[in-house]
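If you're matching them up, the sequences are chains G and B in order.
Last residue of the first sequence? That's 351 in this note's numbering, and every number before it is there in order.
Last residue of the second sequence? That's 394 in this note's numbering, and every number before it is there in order.
No lab work stands behind these hints: they were computed from the structure.
Mixed in with the good hints there might be a few duds.
As the list claims (entries may be wrong) - Simulated restraints, written as ranges between beta carbons of each label pair:
#, chain 1, residue 1, chain 2, residue 2, range
1, G, 335, B, 235, 55 to 61 Å
2, B, 380, G, 210, 50 to 56 Å
3, G, 62, B, 364, 38 to 44 Å
Stated by the list, open to error - Below, simulated DMTMM-like cross-link-like pairs (lysine to aspartate or glutamate); rule was C-alpha separation at most 20 Å, straight line:
#, chain 1, residue 1, chain 2, residue 2
4, B, 78, B, 381
5, B, 44, B, 100
6, B, 290, B, 329
7, B, 290, G, 32
8, G, 75, G, 309
9, G, 65, G, 157
10, G, 75, B, 123
11, G, 35, G, 343
12, B, 115, B, 100
13, G, 35, G, 62
14, B, 290, G, 309
15, G, 75, B, 270
16, B, 290, G, 157
17, G, 189, B, 123
18, B, 290, B, 360
19, G, 65, G, 32
20, B, 290, B, 168
21, B, 115, B, 262
What the hints assert, rightly or not - Chain G is nowhere near these chain B residues, computed Cβ spacing over 10 Å in every case:
#, residue
22, 21
23, 84
24, 85
25, 113
26, 168
27, 314
28, 324
29, 327
30, 340
31, 348
32, 381
33, 393
Computed from a predicted structure; not experimentally measured.
Even glycine gets a Cβ: it sits at the ideal position worked out from N, Cα and C.
Each chain is listed here by its residues.
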Amino acid sequence: MLGEPDGSEHDLHPEELLRGDHETAQEPLLPELLKKRLLVITGKGGVGKSTVTAGLALLASDLGKRVLVVEVDAKGDIASKFEHPPVGFVPVEVHPNVSVLAMDTEASLREYLRLNLRIPVVGRIGPIARVFDFVATAAPGVKEVLTIGKIAWEVRESIAGRAPWDLVIVDAAATGHVVAQLGAPDAIKDLVSVGPIRSQTEWMTDLLADPAITALNVVTTPEEMPVSETIDLVARARSELDVPLGAVFVNRVLPELFTRAEESAFEALSGEAVRSQLESELGLDLSDGVESVLSGARLAVTMRRSRAEHLSDLRAAVDLPMLYLPYLFTRSHGVRETRVVADALSAEFGL
Amino acid sequence: MTAGSLDGVVASKEILIVCGSGGVGKTSIAAAIALGAASRVGGKVLVITIDPAKQLASALGLEEIGNSESRVPDSAFKEAGLTPRGELWVAMLDMKESWDSLVLRHAPDAETASKILNNSLYDNITSRFVQSHDYIAMERLFEIHATGTYDLIVIDTPPTRNALDFLEAPHRMAEFFGGRLLRWLTAPYRAGGGRGARLVNFASKPFYQVADRILGTQFLQDIAEFFLNFQSMYDGFVARAQVVERLLHDRRTTFLVVTTLESAPLREAEIFCGELTKREFPCGALITNKTLPESFTAEAGAEAGAALIANAHRLAEVLAETGVEALADSAIDERVLRTVGESFGNFSVVAAREAELRVELQAWIEGELVNVPSLDADIHDLSGLAEIADHLFT
Ligand SMILES: Nc1ncnc2c1ncn2[C@@H]1O[C@H](COP(=O)(O)OP(=O)(O)OP(=O)(O)O)[C@@H](O)[C@H]1O
Ligand SMILES: [Mg+2]
C-alpha cells in the first residue's frame with residue numbers, strides 16, 4: 001500500500017509508523033462507506049475534491065452500482081474528468097453507470113415549487129428567481145436548502161426505487177461553505193417558526209443524519225493549510241452538524257523513495273568520491289546530469305518528509321479512517337487518470 | 001529564461017494588491033514582498049493579511065494584535081539573520097470588527113446603528129454576502145492609505161471563489177444598496193405608501209404569494225426591516241465605494257497575480273489578468289509559485305537518469321566494491337539507483353509541463369513574470385519569508 005515499505009526486510013521509517021496501528025483497526029470500516037446512499041465530498045479549494053469524486057464514482061460503477069454525481073459548483077470538472085462535455089441540471093450519463101448533474105439553484109427552485117407547492121411554473125421564473133436569490137443572500141439557509149433539497153430528494157427517490165441511483169456522490173462546496181450548506185435545513189427551522197418550508201426540511205434533516213445513508217468526507221493534501229482546514233472542519237461538523245462523518249482522503253501523497261537502509265546508501269552516493277566514480281563509470285559528459293538527478297531525489301525526499309509531519313498532525317487530531325492517494329505525475333487529467341485514482345481507491349479500500 | 005523581479009514595482013508603487021485563487025500561496029507571497037521591501041528598499045512597509053496559516057501568523061507576531069497594525073520587532077529580523085533597512089508592519093483583517101465600524105460610521109444615527117448591529121440577520125449578511133469580504137479589504141486599504149503613514153502597503157486578498165469579485169466589490173456594494181431589487185423587496189414594508197404601495201400592487205404580488213408560502217410572512221418582514229435600516233446607509237456607502245474604486249485605478253496602485261502552474265489556478269489567473277487589462281487596471285507582475293526547480297528539465301539530467309536505470313546492475317556492483325559501508329549491499333544500491341532515476345523521470349514530466357506553461361505566459365503577460373520554486377519546508381518564520389523574497393527580488 002502506498003507510502004508503506006514493501007517488505008518485512010526493510011526497516012520502518014519513523015514517519016511510516018504513523019500509519020501502522022490505525023490500519024488494521026479501520027479496515028472493516030472502509031467498504032462500509034461504499035454501502036451508503038449519499039457520500040458528500042468536501043475539502044479546501046483545489047485539493048482534489050473533483051478528482052476524488054470522479055474516482056469514487058468510477059470505482060462504484062466498477063462494483064456494479066448506478067451512480068449519480070452532483071456537482072455543486074457546476075464548473076464542469078467532473079464531466080471533464082470523464083472527458084465529457086459539461087452537463088446541466090438534468091443528469092447525463094458520462095460513463096456507463098455514472099451520471100452527472102450540475103447544480104443550478106434556479107432550476108432547483110422551479111422543481112421545488114412544482115413538486116412541493118403544486119405551483120405550476122410555466123417558462124422562465126426569472127424575476128421570482130432573482131428576488132429569491134436576493135432573499136437567499138440575506139436569509140441563512142434559503143439557497144443552500146435548494147441545493148441540499150435537490151440532493152436529498154434524489155437520494156430519497158432512489159431509496160424508494162423511483163430514481164435509478166444506488167449511490168449519490170456530491171462534489172460539494174469547499175470546507176468554508178459546506179457546514180452552512182449541510183446545516184441549512186436546520187437553520188431554516190430555527191428561523192422560520194411556522195410555514196410549509198419548515199415541515200419540508202424535516203425529512204432532509206433525518207436523511208442527512210442517518211449513518212446508514214449519509215457520510216460526509218473530507219479531501220486534503222498533506223500540506224499545512226489543507227490539513228488545518230480539515231481539522232477545523234471535522235471539529236465544526238461534529239459540533240454544528242448532525243451529519244455522520246465518513247473518511248478523510250489524503251490526496252497527492254508523494255511516494256516514499258527509500259527505506260532506511262536505502263537512504264543511507266543514497267546519502268553515500270552523494271559523497272564526493274563516490275559520485276565522481278559513478279560519473280566516470282557512466283562517462284564524463286553526464287556529470288552535470290548525475291548531480292541534477294541526485295539533487296532531484298533529495299528534493300523528493302525532503303518534500304515527502306515535511307508532508308509526513310502534516311499528516312501526523314492530521315492523524316493526531318482526527319480519528320477518522322484515512323485513505324491515501326498518490327501524486328499523479330501526469331500532464332493531463334482525463335479518463336486515464338480517473339482510472340488510476342479509482343484503482344488506488346480500490347486498493348485503499350482493501351478490495 | 002530570464003527571471004523577472006519585483007524590484008521595479010516595489011520602487012515605483014505605493015499599493016500592491018496580491019490576487020489569485022485559493023491555495024496558491026497569496027498570503028506568504030504578500031508577506032515576503034513586504035519583508036523584501038522593508039529589508040531591501042527601506043521605508044515603512046505594511047502588509048495586511050487575511051487568514052494567514054498559523055505558523056506564519058505567529059512568525060509575524062500576529063496572534064495577539066488582530067485588526068490594528070503592529071510592528072515586527074528588529075529582534076525578529078536579527079533572529080532570522082536579516083538587517084532591516086526600513087520598518088515592517090503587519091495587520092490582520094478582522095471582518096466582523098471592520099463591518100461593525102463601517103456600520104457605525106455610515107448609519108444616520110446611533111439608534112439605527114444598534115438596530116442593524118443587533119438584527120439576527122446582520123452577521124449572516126456580512127459574513128456571507130459574496131462581495132463583503134472584498135469590500136472590507138478595500139475599505140481598510142483606503143482608510144490606511146489615506147493616513148499617509150506608510151510608503152508601501154501590500155494587501156493580501158480574501159480567498160474568493162473568483163478573483164474578479166474583488167474588482168467588482170465597490171460597484172456591487174453600491175448596487176446592492178441602491179438596487180431596484182432591494183427597493184422592490186422592501187416596498188410593502190415601507191411607511192407611507194405612495195410609490196412603494198403601487199409597486200406592491202403590480203410588481204411584487206406574485207413573488208409575495210410564493211415567498212409567503214415558502215418562508216412565512218414574519219420571516220419576510222424581518223428581512224425587510226433589516227434592509228430598510230441598512231438602506232439608510234446607502235449614500236455613505238456609495239460615496240465611499242467610488243473613492244475606493246478610484247484608488248484602485250490610481251497610478252500608485254498595481255495588481256500582482258499569484259498562481260501555481262496547475263491547470264485550475266492558472267486558468268483563473270489568465271482570466272483575471274485579461275479582466276485587469278479590459279478594465280484598465282495595471283498588472284504589475286504574474287508570480288508563479290510552488291514550481292519545480294528548473295534542474296528537472298535539464299537534458300543532461302534526463303540522460304543521466306536513464307543511464308542510471310539502464311546500468312543500475314553494473315553500477316551497483318562497482319559501488320559495492322568502493323569500501324563505503326553504506327554501499328556494501330549491491331542489491332540495495334541497485335534499487336537506489338533505479339529509484340533515483342525513476343523519481344527524476346516522474347518529476348521531470350511535471351517540470352517540463354511547467355516550463356512550457358511559463359514560456360506561454362511570458363508571451364502574453366504584461367508585467368513581470370516572476371517565479372518562486374517550491375521550498376523544501378513550510379514557511380514558519382521570517383527566514384522562510386526571506387527565502388521567498390530572494391526569488392522575488394534580484
Ligand atoms: N493526486 C493528484 N496528483 C496530481 N495532480 C492532482 C491530483 N489530484 C488532483 N490533481 C490536480 O489538481 C488540480 C485540482 O484538482 P481538482 O479539480 O480535483 O480539485 P478540487 O478540489 O475539485 O478543486 P476546486 O476546489 O477548484 O473545485 C487539478 O489540476 C487536478 O488535475
Ligand atoms: Mg472541483
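Results of checking the hints against the structure:
1. For residue 335/G and residue 235/B, the hinted distance range of 55 to 61 Å is satisfied, since their beta carbons lie about 56 Å from each other.
2. Distance hint for residue 380/B and residue 210/G: a CB-CB separation of about 42 Å, inconsistent with the stated range 50 to 56 Å.
3. Between residue 62/G and residue 364/B the beta carbon distance is about 43 Å. The supplied range of 38 to 44 Å therefore holds.
4. As the CA atoms of residue 78/B and residue 381/B are separated by approximately 12 Å, the hinted pair is consistent with the 20 Å bound.
5. Only pairs whose Cα atoms come within 20 Å are accepted, and residue 44/B paired with residue 100/B is rejected, the gap being roughly 28 Å.
6. Between residue 290/B and residue 329/B the CA atoms are separated by roughly 37 Å; this puts the pair beyond 20 Å, and the hint is violated.
7. The straight-line distance between the Cα atoms of residue 290/B and residue 32/G is roughly 37 Å, outside the 20 Å bound, and the hint therefore fails.
8. Straight-line distance between C-alpha atoms of residue 75/G and residue 309/G comes to about 33 Å, which puts the hinted pair past the 20 Å bound.
9. For the suggested pair residue 65/G and residue 157/G, the alpha carbons sit about 16 Å apart, so the restraint of at most 20 Å is met.
10. Among the hinted pairs, residue 75/G with residue 123/B is inconsistent with the structure: their alpha-carbon atoms are about 29 Å apart, more than 20 Å.
11. Between residue 35/G and residue 343/G the CA atoms are separated by roughly 18 Å; this keeps the pair inside 20 Å, and the hint holds.
12. For a cut-off of 20 Å, the pair hint linking residue 115/B to residue 100/B stands: about 12 Å separates their Cα positions.
13. A C-alpha spacing of about 14 Å is found between residue 35/G and residue 62/G, which places the hinted pair at or below 20 Å, so the restraint holds.
14. A hinted pair counts as satisfied when its Cα atoms are at most 20 Å apart, and residue 290/B with residue 309/G qualifies at roughly 19 Å.
15. Note on residue 75/G and residue 270/B: the hinted pairing holds, with a Cα-Cα distance of about 16 Å set against a maximum of 20 Å.
16. The hinted pair formed by residue 290/B and residue 157/G fails the criterion: a straight-line CA distance of about 45 Å is larger than 20 Å.
17. For the given pair, residue 189/G sits about 18 Å from residue 123/B by alpha-carbon distance, which is consistent with the 20 Å threshold.
18. This hinted pair checks out: residue 290/B and residue 360/B have alpha carbons roughly 18 Å apart, not beyond 20 Å.
19. Distance check on the hinted pair: residue 65/G and residue 32/G sit about 14 Å apart at the alpha-carbon level, within 20 Å; holds.
20. About 28 Å separates the Cα atoms of residue 290/B and residue 168/B, which puts this hinted pair outside 20 Å; it is violated.
21. About 47 Å separates the Cα atoms of residue 115/B and residue 262/B, which puts this hinted pair outside 20 Å; it is violated.
22. Non-interface call for residue 21/B relative to chain G: violated, since the shortest CB-CB distance, roughly 7 Å, does not exceed 10 Å.
23. With a closest Cβ-Cβ approach of about 26 Å to chain G, residue 84/B is found to remain outside the 10 Å limit, as its non-interface label requires.
24. The beta carbon of residue 85/B is kept farther than 10 Å from every beta carbon of chain G, the shortest such distance being approximately 30 Å.
25. Listed as outside the interface, residue 113/B is consistent with that label: its C-beta sits roughly 18 Å from the nearest C-beta of chain G, beyond the 10 Å cut-off.
26. Under the 10 Å C-beta cut-off, the non-interface status given to residue 168/B relative to chain G holds; the minimum distance is some 15 Å.
27. Distance check for residue 314/B against chain G: the nearest CB is about 8 Å away, which does not clear 10 Å, and the non-interface claim fails.
28. Distance to chain G contradicts residue 324/B as a non-interface residue, since its nearest Cβ pair spans about 5 Å, not more than 10 Å.
29. Chain G draws residue 327/B into its interface by the beta-carbon criterion, the shortest separation being 5 Å against a cut-off of 10 Å.
30. Against chain G, the non-interface label of residue 340/B is violated: not every CB pair exceeds 10 Å, the least being about 4 Å.
31. Residue 348/B, annotated as away from the interface, has a beta carbon of chain G within 10 Å; the closest lies near 8 Å.
32. Annotated as non-interface, residue 381/B keeps its C-beta farther than 10 Å from every C-beta of chain G; the closest such distance is 13 Å.
33. The claim that residue 393/B lies off the interface holds: its Cβ sits roughly 23 Å from the closest Cβ of chain G, which is beyond the 10 Å cut-off.
Hint check: violations occur at hints 2, 5, 6, 7, 8, 10, 16, 20, 21, 22, 27, 28, 29, 30, 31; the rest are consistent with the structure.
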